[in-house]
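Colleague: Here is what each chain is made of, one letter per residue.
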Amino acid sequence: MTYEMSVSQKKNQKSRNKLGMRIRENIYQAILWILLLILAGCMILPFLYVLVLSFTDPSVYVAGKFTLWPKKWSLEAYKLILSGTGFINSLKSTVIITASGTPLNVLVNAGLAYLLSKPIPGKKFLNRYVMLTMLFTAGMVPNFMNIKLLGLIDNYLACILPSVCGAWTIMVMRSFFQSLPIELEEAAKIDGCGQVGIFGKIILPLSKAMMATMTLFAFVSYWNTYFNSIMYMTSTSKSTLQVYVQKVVLSSNISDVVDVEVAVANAIPQEIMRMAAVVIVVLPVLIIYPFLQKYFQAGMMVGAVKG
Amino acid sequence: MDASMKKHVAMGVISLMIAGSVMGCGKKDDKSSAAASSKTETEKSENKGSKEKGSDSSTISVMGIDWGYGPVQNSEMEKYWEDLLGVNLDIEWINYEDYDQKVNTLISSGSIPDVIQVSKMGNGSYYYPIFTQAIEAGDFVDLTPYLFDDGKGIAETNAVMKNWDDKMWDQTKYKDGIYILPRSKAESGQNSGIEVRKDLMEKYGFEKEPATMDELKDWLIQLSKAASDGEGKKIYALEYFGDKFMDDRVKAFATAFTGQSDWAVDKNGEFQYMQFKDEYIDFLNWMKALYDAGAIDPEFALNNSDTSKWKAGNSVALLSTWYNWNQSSDRTSSKIFDDSTPDDYKAWCLMPVKGPKAYTVSPNYTDVDSCIAISSKCSKEKIEKILTAFDGTEEQYPGYDKVMAFGVEGIHYVLKDDGTIDTSENLIKESGQDGYVGAWNQIFLKKDADMIADKFMRDGAKRASDENITRAKEIKDFVYKDLADTKMKNETQNLQSDTYNKQWSVLTDDVNTMCTQYVMGQIDEKEWKSFVKGIVDSSDYKAIQKEFKESAEETK
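From first to last, the protein sequence lines are chains A and B. What the first sequence shows, in numbering that gives the first Met the number 0, is residues 0 to 306, in sequence order. What the second sequence shows, in numbering that gives the first Met the number 0, is residues 0 to 555, in sequence order.
Misleading hints may appear alongside valid ones.
Stated by the list, open to error - Only pairs whose alpha carbons sit at most 30 Å apart, straight line, appear in this in silico DSSO-like list of lysine-lysine: (1) B:K233 to A:K147; (2) A:K70 to B:K119; (3) A:K64 to B:K197; (4) B:K119 to B:K415; (5) A:K71 to B:K461.
Because the hints were derived from the structure by calculation, they are not lab data.
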């Protein structure tokens, strides 16, 4: 009897333990969900605020007030930004710089990174030389003089070339290339493939995830070109979208800045203008991101394993 | 590479860097002679070029500040000026937020265009360190011989400039030379206007205006309370915000307590900064009283200009320029408040009130409204061409003042039958945007500022009420008389101090924070005084005082 009871007691105990574990697991999951929802909210709400405010009619705008839905819809801010005479020109400039700079950036960095992943003479020196550029920068004045001496003032190349080669990108790519099995290259060599062929037909296809990630970074970087445009572009028609949007946003505040008899007046508060500008500028990146997301997720851990 | 080799390489690199830095530091004489010789060479090549080509010497490259929509190159406005003045302008407009960075980079890299617009630095000075270094290196023209030439100089013959007195020209000097060419003379004592909501005054029985700082404090607190209770929403007494405690929004109040502007010379001949004077605590106590009464936003240190309570109608008063309350008499044609506010909000301005030491009249750092500088790479002929082109007047070109103010009729505005200006058509708006009139009047000479005529007495519906015009004139007369009587000014105007340029921001890094904390009751008077004593007794502050004194002696 005692033996049977102890067995059944043990069974009950086990099932109680299992139930307890399930309950604890569920509570744990629930807490996790709540925390993640709060975190998601913290991330989504600011962007929602930006979006809502950008579509808010100026007549119902109350400074500093947060709403989840516009009280009254309006596209005035967007109309003002998009209808400006400089919008098409600045969009064209940004597209030229981004479309040219992004593939150039990725190819140049990938090429150098691949070279540095190979056992070449002077590799250590080259690695350190590249890393040194992460620590030091020449500064604004030498950079400007450099661009001027190259005759690139008011040239799109002034916005493209300075950002073509990036030490961090090279380091990450190099780590990834080093993690690829050497046997693949050896097999390709045996089949008569040259170095360029190996790089183009074997290495690059295997590196899609990493390349997509770096492409996205380069795209965002070139799309956001602002400072180089201010410094090196002298023609208004060649300034980038960021510069144009900044001008429009600043113009909303003009009465606070200068006293002018003829104000090219607009009644849209600067806050709404800013939000509309943010949405316009961020939109292309938001559009491209879903197409690269699968590669981005895979590329997140690029270079993390092997240093 | 073994450890010993690494050490040798490291030493080698360090030595190279030190050698490079040392080589980069040339002698002053070498630099100026280098600049002078490069100027001579440039002059020679320019003369040679102009002889050979016969066309390019009339092209003037200009860099100007874009304050608004961003005037485009080769706009109708630019063409108009080129035709009128007979020059070819190659203008680059940079928006005001980036202008300083770009122009300073160009100055440092020796790539200055023929004419640059000089912007005021944070402390209101045109002669900021990079600019003065460039002047010392000979990069900018001393305009004195062109301006004053035995009755034949431009300053002596130009219809606008000849009205400027010595006090105005003294403000343009740097070590006996004039390197900045003013574009107009600003209204004096700009930030001395205590703008208030007249509709609230009338509604809650506060029409009797305060005459002293104590009365102003009580008046603001009581009106704020009455308005908050009556309107059913919080209406603060004073629009005040920002982490920079001491700015134009309260400076005139501080002046009333301290009797000085930013810097003044005390009875011992020492330069003293306003915030470190003993009387400044009285101003802080005045602000603290407003804070303790809930009359200013408890989070004033976190707010920014995008959440203007005054414009939203949530503040009784705002200390601003004495002419910025130019509400039209119908209150809608020229609206001071946000569009979302009711049309019955009335803007008004109190007369300056009396504090223990002075009235709430804050002198400008400088009366020079805007100015340009000319590169020394220009030949004498080109400089004269620039001075002629950029210093036009109504007398020389009839209609000039109107173009400077409104643009070109038919392109930037349409004249209605009643004589008023209409800019509502879309094409007109676009042209205005492209040519942006407000940018040109910062680089071309314009008549002295008359804000009452320009803002209050505009034609048509935008004209202010007669009552407001009268009040604006009263305030202007008062401000001008007070400044003439007290002779108050910022005593460090155009004085130079190396230690000030290098250390002032570090030395005063915590001052505004401490002021904020005092007003919020987080520190007491003892702590404040101890903090101030620490700064005043420091070697840097004493060095700054000494250098300003020496600089002042040099300019006498």
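Colleague: Hint by hint, where does the structure go against what was stated? Just the numbers, ascending.
Modeller: 1, 2 and 4
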